[in-house]
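K.L.:
One-letter residues, chain by chain:
Number of protein chains: 2
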Amino acid sequence: MKIKDLSALEEREVFPGYTGKFIHSDQLTIAHWRIKANHPLPEHSHPHEQIVHVVEGEFELTVQGVPHRLGAGMVFVIPSNIPHSGIGISDCKIIDTFCPVREDYKF
Amino acid sequence: MKIKDLSALEEREVFPGYTGKFIHSDQLTIAHWRIKANHPLPEHSHPHEQIVHVVEGEFELTVQGVPHRLGAGMVFVIPSNIPHSGIGISDCKIIDTFCPVREDYKF
Numbered sequence: 020m021k022i023k024d025l026s027a028l029e030e031r032e033v034f035p036g037y038t039g040k041f042i043h044s045d046q047l048t049i050a051h052w053r054i055k056a057n058h059p060l061p062e063h064s065h066p067h068e069q070i071v072h073v074v075e076g077e078f079e080l081t082v083q084g085v086p087h088r089l090g091a092g093m094v095f096v097i098p099s100n101i102p103h104s105g106i107g108i109s110d111c112k113i114i115d116t117f118c119p120v121r122e123d124y125k126f
Numbered sequence: 020m021k022i023k024d025l026s027a028l029e030e031r032e033v034f035p036g037y038t039g040k041f042i043h044s045d046q047l048t049i050a051h052w053r054i055k056a057n058h059p060l061p062e063h064s065h066p067h068e069q070i071v072h073v074v075e076g077e078f079e080l081t082v083q084g085v086p087h088r089l090g091a092g093m094v095f096v097i098p099s100n101i102p103h104s105g106i107g108i109s110d111c112k113i114i115d116t117f118c119p120v121r122e123d124y125k126f
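Chains as they are written, first to last, in this note's numbering: chain A, 20 to 126; chain B, 20 to 126.
If you are wondering where the hints come from, they were derived from the structure by calculation, not from laboratory data.
Treat the hints with care, as some may be off.
Given that identical chains are not distinguished, each listed pair holds provided it fits within a single copy or across any two copies.
[Said to hold, decoys possible] Dumping the calculated DSS-like pairs for lysine-lysine here, alpha-carbon to alpha-carbon at most 25 Å:
1) 40 <-> 112
2) 125 <-> 23
3) 21 <-> 125
Just so you know, these numbers come straight off a predicted model, no measurement behind them.
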């Protein structure tokens, strides 16, 4: 059981242009990203399910080779082990939810 | 794999004063709630982990009998099977993330 103030959480630039704050529970990781425009995230995949929620700005998410332009209020569910990549069309804020925990995002 | 526009998702008043939109994946449910002030949510528990994120307004979340006043930007991790209740101090927007899926929120 824990309480966190997002405004006070340490943030970390995990990839160039992708700065995140992370909440972990036993089974979940929630990542709050600030993303700079025009910084590509190369194609990758992971066993974690991922739900992408664009909060501000516009992000191009490419899943299995198909690009999707996602504006504020759009949500995309990426199943386990599906290759995906992305790039901010503008500066963006995105909330990503992962299951299970992203151990690699524990700093 | 699915894409959703939150602004176009059907919403449902699940409890009096608690109106939600729901995203489900294989392992997760994300609930986007609009909550009216002064509508109590009685104490309950469930096997699902729950991460509560107050987006707007102020919500009093009581966990194991201890009240916590949560303003915008506050996040609370509720482990499995922990009794909790709540009430909006003001009108609020809250994002709840559950694992596993809340089958009872599939309409």
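K.L.:
If any of the earlier hints don't hold here, list their numbers in rising order.
P.N.:
The structure breaks none of the hints.
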